[in-house]
Amino acid sequence: MSNVGIVIVSHSPDVAKGAADMVRQMVGTGVPLAWTGGNPDGGLGTSVEGILGAIDAAWSEAGVAILVDLGGAETNSEMAIEMLPDERRSRVVICDAPVVEGAVMAATEAWGGSDLATVKHTAEELNERPE
Amino acid sequence: MNNGTMVEDSVLLLHAAGLHARPAVTLTKLAKTFSARVQIAAAATGPWVDAKSVVKVMGMKTPARTQLYVRAEGDDAAAAVAAVVKLVNDDFIGGPE
Chain A
1 MSNVGIVIVS
11 HSPDVAKGAA
21 DMVRQMVGTG
31 VPLAWTGGNP
41 DGGLGTSVEG
51 ILGAIDAAWS
61 EAGVAILVDL
71 GGAETNSEMA
81 IEMLPDERRS
91 RVVICDAPVV
101 EGAVMAATEA
111 WGGSDLATVK
121 HTAEELNERP
131 E
Chain B
1001 MNNGTMVEDS
1011 VLLLHAAGLH
1021 ARPAVTLTKL
1031 AKTFSARVQI
1041 AAAATGPWVD
1051 AKSVVKVMGM
1061 KTPARTQLYV
1071 RAEGDDAAAA
1081 VAAVVKLVND
1091 DFIGGPE
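Same order as they appear, the protein sequences are chains A and B.
Sequential numbering of the first sequence, starting at 1, is according to the working numbering.
Sequential numbering of the second sequence, starting at 1001, is according to the working numbering.
No lab work stands behind these hints, which were simulated from the structure alone.
A portion of the hints provided could be inaccurate.
Okay, the calculated beta carbon distance ranges per label pair [unchecked claim]:
1. B:D1050 / A:E61: 23 to 29 Å
2. B:A1064 / A:D115: 34 to 40 Å
3. B:T1033 / A:E49: 22 to 28 Å
4. A:R24 / B:A1044: 50 to 56 Å
Reference listing, derived: stretches of chain B covered by chain A, where coverage requires no fewer than 3 residues with Cβ under 8 Å from a Cβ of chain A [unchecked claim]:
5. 1027 to 1033
6. 1046 to 1054
Here are some chain B residues the structure puts well away from chain A; computed CB gaps all over 12 Å [unchecked claim]:
7. E1008
8. G1018
9. P1023
10. M1058
11. Q1067
12. G1095
13. E1097
All C-beta atoms, glycine included, are put in the ideal place defined by N, C-alpha and C.
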């Protein structure tokens, strides 16, 4: 059985790579993982092409959960999902969660073999936690 | 088979940073390898938290030198409790990869 894949999308490649490093070190290699950040000119931003590439790199038959930082990262991720082939589109979700914490939580859940909806819920559970 | 029987133990958490991010992830991953329902608490009276929920385990913000209570229910409950206690005793080294 394949584990859900995790994609990290940030405006900054350093943030995206750093978050991915944290996931690798804390959760290990049992979860497909990819990151993308920065625009094609090397500045801050996100690109649909980059996100599509990351989804492809982290692809799992169980689906892919995307963690994003700010506005454009989300809209570009939505656009990337729309551009996916039909058979993949319904198996990619964007998590409404902080990018670093959400990535670690989602990856931990995915590691145990949970399905895509459960992985998304675990990342978003961060928002519900009472102080 | 000890289905339906609760197995319980406790262990002193010595990890300097307490049950923070990395140990919480390691403990959650370990708990997930058992079919039993596994719970932990920072006091004998609870509140009990699902040890397979990384958000809840991390949310406990358990500091070092806390007596950590572990209980489980299900087929492999005894093994689950023993494994969690061992992980804490081993300073969170040697969890599942």
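request  = Could you work out which earlier hints the structure fails to respect and list their numbers in ascending sequence?
outcome  = Hints 3, 4, 9, 10, 12, 13 not satisfied by this model.
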